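> The lines below spell out each chain.
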Amino acid sequence: MDKMYVLLMGFLSVVIVNNFVFTRFLGTCPYIGVSGRIDTAFGMGLAVTFVTTLSGVLTWLIDFYILKPFGLEITNYICYIVVIAGAVQLVEMYVRKFFPSLYDSFGIFLPLISTNCVILGVCLLINVFWLTDNLPEAAVLSAGAGIGFTLAICIMAGIREDLDLADVPQSLKGAPITLITAGLLTLAFMGFAGMIKQ
Amino acid sequence: MMFVLANQIGIWTHAANAGITLVVLGFFFAIVLLIASEKLKVQRDVRIEKVLAALPGANCGACGFAGCQNYAEAVVANPILLGKCAPGGLATLEKIAQTLNLQISESGPPQRPVVFCRARTADKIFCAKYEGIPTCLSANALPNAQACKFGCLGFSDCTRACRFDSIHIIDGLATVNYDRCTGCGACARACPRNIIKMVPFSYENMMTVACSNKETGKVTRSMCSVGCIACGLCTKQSDLFIIKDNLAQINFEAYQPSAQAEVAMNKCPTGVIVYRGKTAPPPRPPAEKTIAAKA
Numbered sequence: 001m002d003k004m005y006v007l008l009m010g011f012l013s014v015v016i017v018n019n020f021v022f023t024r025f026l027g028t029c030p031y032i033g034v035s036g037r038i039d040t041a042f043g044m045g046l047a048v049t050f051v052t053t054l055s056g057v058l059t060w061l062i063d064f065y066i067l068k069p070f071g072l073e074i075t076n077y078i079c080y081i082v083v084i085a086g087a088v089q090l091v092e093m094y095v096r097k098f099f100p101s102l103y104d105s106f107g108i109f110l111p112l113i114s115t116n117c118v119i120l121g122v123c124l125l126i127n128v129f130w131l132t133d134n135l136p137e138a139a140v141l142s143a144g145a146g147i148g149f150t151l152a153i154c155i156m157a158g159i160r161e162d163l164d165l166a167d168v169p170q171s172l173k174g175a176p177i178t179l180i181t182a183g184l185l186t187l188a189f190m191g192f193a194g195m196i197k198q
Numbered sequence: 001m002m003f004v005l006a007n008q009i010g011i012w013t014h015a016a017n018a019g020i021t022l023v024v025l026g027f028f029f030a031i032v033l034l035i036a037s038e039k040l041k042v043q044r045d046v047r048i049e050k051v052l053a054a055l056p057g058a059n060c061g062a063c064g065f066a067g068c069q070n071y072a073e074a075v076v077a078n079p080i081l082l083g084k085c086a087p088g089g090l091a092t093l094e095k096i097a098q099t100l101n102l103q104i105s106e107s108g109p110p111q112r113p114v115v116f117c118r119a120r121t122a123d124k125i126f127c128a129k130y131e132g133i134p135t136c137l138s139a140n141a142l143p144n145a146q147a148c149k150f151g152c153l154g155f156s157d158c159t160r161a162c163r164f165d166s167i168h169i170i171d172g173l174a175t176v177n178y179d180r181c182t183g184c185g186a187c188a189r190a191c192p193r194n195i196i197k198m199v200p201f202s203y204e205n206m207m208t209v210a211c212s213n214k215e216t217g218k219v220t221r222s223m224c225s226v227g228c229i230a231c232g233l234c235t236k237q238s239d240l241f242i243i244k245d246n247l248a249q250i251n252f253e254a255y256q257p258s259a260q261a262e263v264a265m266n267k268c269p270t271g272v273i274v275y276r277g278k279t280a281p282p283p284r285p286p287a288e289k290t291i292a293a294k295a
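First to last, the protein sequences are chains A and B.
Going by my numbering, 50 is the number at position 50 of the first sequence; the sequence numbering is gapless.
Going by my numbering, 45 is the number at position 45 of the second sequence; the sequence numbering is gapless.
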């Protein structure tokens, strides 16, 4: 029961309080780039969630059972990158085969997931900074990071769909108003800080 | 000396471990991806890429498809769709035809948009001031803030639709820059009042009756100082004009410039017959009589 509580708190923390986009400012490239429409944004969020979960779990396994016992922590970056690139390739092939229209709307941002800092951030935080010592925790944290990203990008897409109809001053049209929106959204989410005591 | 040696050996043993780990990891992913690429193979026609490279890449939608990619796929699958790319023009058409191994048949004159309205803000009559969402689409949904139900609203829906920066609102009237226009027709589709129409430009400048008002002459005059009042003066001068739906119209398929048409243009009491095109002269102001009638 206590363990479940820890997992639940960890999940909530990584989704809302320590959201990767809003508090760590990771993954802002697709967050701005693919948040034009809600359905595309949701698809992007799902793709990122899949990749974070898969690569989070795999890198934890590699780190815990191979790198740490053999003292090879120094190669962790290169191992993580291999895992992430492999996972992204898998997702890309899958989406291309089964969701061609989604594949077209993603454009360059789908292969760019492999350089998405959310994913490397998740792998590094799980294995290096938080030193997670069991698999369920690693899985929950990495899935939570992806879900947090989906939440962020969907909120952003919803706001931007409404912004299309708003009377935005000429000088703020396009990128400026998007960045201002992102800033205000971040401020709102900063309000969650301190809800879960470390 | 010993320390350096021990350190060297340490480096080599660790390097071997690291190398083996990475090679194994790399092979594992290579095999997984190999299997996946076989299982999830998508067949793609190489010609699609070639056609896509020949297209302008503006994604304007003139062809009737969502973007250049979709058109490339469609035209490879169905060559009847050849020649729908207006912005690319003849050069693109030739390249696509070459890729698909096809012969091009003769095509008609290029299509260009014409705004069938000539009322600038000073010529229009307003019943109320519109302060809603500044798009033609929403302004058109309201009963008339602008008296004329057929005239240009001037909220830039066409400007936003244009991918080539070639239509602008000048003094409350959509004005086409024919030097830049590629004839994609995005503005004609965007206009909620359908007053922008695609016209075959068989000459550089085309004479047009720049009005869409289908009301009777008296009602038209109460709405706008430069509307067509269907007086029929032009039809008496030249066969080019016909009166239909209380509106003088030109059959563009059979368009021929003539001296009689010039006379008709100069006799038009409201000056609604104007030239449109690359080197079109500016429209003359409406005759004195009409201005007096307005007052």
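Hint data in this document are derived by calculation from the structure and do not stem from the laboratory.
On a predicted model such as this, the values are computed, not experimentally measured, just so you know.
All C-beta atoms in this analysis are idealised placements derived from N, C-alpha and C, irrespective of residue type, glycine included.
Among these hints, one or two may not hold up.
Computed, partial: chain A to chain B, Cβ under 10 Å [to be verified]:
1) K3
2) T75
3) Y94
4) L102
5) L135
6) A139
> Quick check: which numbered hints come out false for this structure?
1, 4, 5, 6
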